[in-house]
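Student: The residues making up each chain are set out below.
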Amino acid sequence: MKLPIFMDNHSTTRVDPRVLEAMLPCFTEDYGNAASRNHAFGWKAEAMVENARGQIAALIGGDGKEIVLTSGATESNNLAIKGAASFYKRQGNHIITVETEHKSVLDTCKRLQREGFEVTYLTPAKDGIVTPEMVTAAMTDKTVLVSVMLANNEIGVVQDVDAIGAAIKAKNPKTLFHTDAVQGAGKVPFDVEKCRADLVSLSAHKMYGPKGVGALWVRRKPRVRIDPLIDGGGHERGMRSGTLAVPLIVGFGKAAELAKAEMPAEALRLKALRDRLYRGIASKLPETYVNGSMDPAHRLPGNLNISFAFVEGESLLMALKDVAVSSGSACTSASLEPSYVLRALGAGDELAHSSIRFGIGRFNTEDEVDFVVDLVVKSVDRLRALSPLWEMHQDGIDLSKIQWTPH
Amino acid sequence: MAYSEKVIEHYENPRNVGTFAKEEDDVGTGLVGAPACGDVMRLQIKVKDGVILDAKFKTFGCGSAIASSSLATEMIKGMTLDQAGAISNTQIVEELNLPPVKIHCSVLAEDAIKAAIEDYKKKQKDAEA
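The listed protein sequences correspond, in order, to chains A and B. Mapping of the first sequence onto the numbering used here: position 206 corresponds to residue 206, and the numbering continues sequentially without gaps. Remember, the numbering used here sits 407 above the position in the second sequence when you count from 1.
Careful: at least some of the hints might be erroneous.
[Said to hold, decoys possible] Below, simulated DSSO-like cross-link-like pairs (lysine-lysine); rule was C-alpha separation at most 27 Å, straight line:
| hint | chain 1 | residue 1 | chain 2 | residue 2 |
| --- | --- | --- | --- | --- |
| 1 | A | LYS401 | B | LYS413 |
| 2 | A | LYS378 | B | LYS463 |
| 3 | B | LYS484 | B | LYS528 |
| 4 | A | LYS378 | B | LYS413 |
[Stated by the list, open to error] If you anchor each label on the Cβ, the simulated ranges turn out as follows:
| hint | chain 1 | residue 1 | chain 2 | residue 2 | range |
| --- | --- | --- | --- | --- | --- |
| 5 | B | PHE427 | A | ASP275 | 20 to 28 Å |
| 6 | B | LEU460 | A | LYS2 | 45 to 53 Å |
| 7 | A | ASP374 | B | GLU416 | 18 to 26 Å |
| 8 | A | ASP374 | B | GLU535 | 34 to 42 Å |
| 9 | A | LYS401 | B | LEU460 | 31 to 39 Å |
| 10 | B | GLU430 | A | LYS378 | 31 to 39 Å |
Treat the hints as calculated values from the structure; they're not laboratory data. Here the structure is a predicted model, which means the values were calculated and not measured. Think of the CB as a built atom: it goes at the ideal place given N, C-alpha and C, for glycine as much as any other residue.
Construct all of the structure, not just a fragment, from the sequences and the given hints.
Tutor: Printed below as a string of structure tokens:
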């Protein structure tokens, strides 16, 4: 087994060797500009891009013509929300989203608020789930867009987007439904028709493709319009100008094709590894709490987000230096604020500070999981022996009754 | 974030971890920080004739917080209460090469020393009264 172990597959993933193989000719032989209409290099590049569009769209039940290629998910989320808000602003100025969305959704909405839009940020239930009723209760006749993610990047909670989309359209067919499917696409079944989405954000590097490329799926029937963020040569039907990154797009296409073909088997394997990790830890360590629903229908198969009470997350990451994972602790963020996702669940800042996110992916093995279980158990035991809170808890002291000195 | 070698060394081999019975007359206990902020330090001193004979700590916090409190216990052993009370967080920052984002850990360690001394002095006063 090779150290360090990468178990942070929500942050990014290793490029699948089959994806890399598909990309390589684009650097050396087929390096044309897909917009060159007058020679064979351009034609070849365009054909490869069109093939990739089809592969990407097929993963989500869409059509290749509906794919707008971008630099990644952050751009896709910006384009979807700002683009739709701008185009449809005469119809209304109200947007609905959720407190646990990715920052590229939340900060985009905050900017629109400064420009005069009204935004409702829904608080999910304690298990991270947003119900269709929560969404429709917030809808008004001014609501032009609802943005609810398919799967959360921290807690792995999968929303019932099919029910949410149906509820939105039943209340007002004109209200657009955007879903950030970056973490969920290729991991759990997802279909743009079933969920009645209008705009869907995707990213290649979360599904074993290259970094630097993403897509926004934009519904054609009925046609959804967005104003572009980037003007120029009129690429991507005017919605996103800029020379297409052919090697990255080809890799994205291959990654999507593999994800679609292998999802059923891979999801089962990842869930088995995740459950092994969870059982291994929880059977040996008391006072551990899973963040987000553990209902298999509502959680990404490879995700485990768990709080180790009385142990601070960053100090635990330090002990797990042979394993790449991440923490919701404030100390690991630039802002010194604990995870806003965990706070939105009402878990309490203590548990947010104590949380570790494990993201199991295609290349993790059972041996790696067993190694991580042993290391986590040993490290948490050691840090609890150092923790005054653990000692107080063992002595039966109620920590919530103590007068702390926040600083 | 990359840690300094000294932080890693204290984190991996923390000095003076443990607990004194806090009701003992010669023990002063400082408990500072808050779980919601992500760090809590408990630093204890054992005092005789105005001199800190021994010190112990337990810390819930990041590696830098653990290292800061470990170092603090090392520094104050053998000091008089006045000397220990004069320790400033900047000494801890320099010794551990803490980056700016971790300076609050050293402040907390300074606060913990002062709180432990205060607790000890209050006990002595209460005993006299």
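Student: Next step is simple, just say for each hint if it's right about the structure.
Tutor: Here is what the structure says about each hint:
1. A:LYS401 - B:LYS413: Answer violated: LYS401 of chain A to LYS413 of chain B is near 36 Å, above 27 Å.
2. A:LYS378 - B:LYS463: holds, 23 Å
3. B:LYS484 - B:LYS528: holds, 17 Å
4. A:LYS378 - B:LYS413: Since the Cα atoms of LYS378 of chain A and LYS413 of chain B sit roughly 23 Å apart, the hinted pair holds (cutoff 27 Å).
5. B:PHE427 - A:ASP275: 20 to 28 Å: violated, 43 Å
6. B:LEU460 - A:LYS2: 45 to 53 Å: Distance hint for LEU460 of chain B, LYS2 of chain A holds at roughly 49 Å.
7. A:ASP374 - B:GLU416: 18 to 26 Å: 24 Å Cβ-Cβ, so the 18 to 26 Å window holds.
8. A:ASP374 - B:GLU535: 34 to 42 Å: violated, 54 Å
9. A:LYS401 - B:LEU460: 31 to 39 Å: holds, 32 Å
10. B:GLU430 - A:LYS378: 31 to 39 Å: Holds - the Cβ-Cβ distance for GLU430 of chain B and LYS378 of chain A, about 33 Å, lies within 31 to 39 Å.
Of the numbered hints stated above, those contradicted by the structure are hints 1, 5, 8, listed in ascending order.
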